[in-house]
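Enquirer: Protein chains in written order, with this note's numbering: chain V, 1 to 148; chain W, 1 to 148.
Some clues are possibly wrong.
Which copy is meant is left open, so a pair is good if it fits within one copy or across any two.
Claimed, not checked - Below 20 angstroms or equal to it, Euclidean Cα-Cα: the simulated EDC-like pairs (lysine to aspartate or glutamate) are:
id, residue 1, residue 2
1, Lys139, Glu30
2, Lys139, Glu13
3, Lys139, Asp102
4, Lys139, Glu44
These are computed hints drawn from the structure, not numbers from a lab.
This one's a predicted model, so the numbers in the text were calculated from it and none came from an experiment.
2 protein chains.
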Amino acid sequence: MNPQVRVEVAVAEQEFRVRAIGWVESPLVERAGAPRQGDEGGPEAWVVFEAGVERGLRDLAAGQEVLLLTWLHRADREVLTVHPRGERSRPETGVFATRSPDRPNPIGLHRVTVLAVDGPRLRVEGLEAIDGTPVLDVKPVLPGPSER
Amino acid sequence: MNPQVRVEVAVAEQEFRVRAIGWVESPLVERAGAPRQGDEGGPEAWVVFEAGVERGLRDLAAGQEVLLLTWLHRADREVLTVHPRGERSRPETGVFATRSPDRPNPIGLHRVTVLAVDGPRLRVEGLEAIDGTPVLDVKPVLPGPSER
């Protein structure tokens, strides 16, 4: 048996490429001015999708709550511990026990309400991501098992 | 003004690299046998992290609910509409209105309960991801604003 084959089988794939399917258009332009979470004053914003994925937006409608997954492009990916919410008085905490944007894979998770659907654009309420943030995915908020 | 400079400013970055920070070790080995959602019978599983990120797990403890973000490595990224839950009788629906693993950026989102923390490993309950699924991130489930 060729030993090279065994090595190749044992090594799992470690890196993957995500691509922006849309971008946030928001009056929030500075990370320092953004609220920590969407329910702490996230403004209304547009999410503008690539024409190529518009078909995937079918069946989203005003009034629905959805989860937006974003790429937090200003994040520091080397960070493993933080002072929660940037407050130096709070003890240093592992990033996986916090919602810090600084983390190895800076994927943002935002629960927002759809206000309007306009072709490849969604108007949403309660989004704390800054203008220009790339969007990776949209998922419905799951109702209880009986309603699935 | 050099017109090339203007072009470079206008083109936003579209692709990003994520990397596995850990892997799922689960008795579920086939996608066909996996439950659709963790609360529909997801078994207990281990999440085994890379030694390099173990410091980020500090402050996670048994009893906590966390969100695991995974890379659904068997997904078809060209799919934009699906029959929900694979049931052909249900009308074709845009993927962003479903939790289908097949979608342009196949990032899985799993709400699980931490049963135990053992160095770089978390024992969790209610995870429907199959054995070998790469893990990208862990986030706490957010309590109400007053408890943050």
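Enquirer: Against each hint, give a clear statement of whether it holds in the structure.
Expert: These are the hints, each one checked on the structure:
1. Lys139 with Glu30: The answer is neither: 26 angstroms in one copy and 23 angstroms across copies each exceed 20 angstroms.
2. Lys139 with Glu13: neither (25 angstroms within a copy, 23 angstroms between copies)
3. Lys139 with Asp102: Between copies only: 12 angstroms across, 23 angstroms inside.
4. Lys139 with Glu44: within (19 angstroms within a copy, 24 angstroms between copies)
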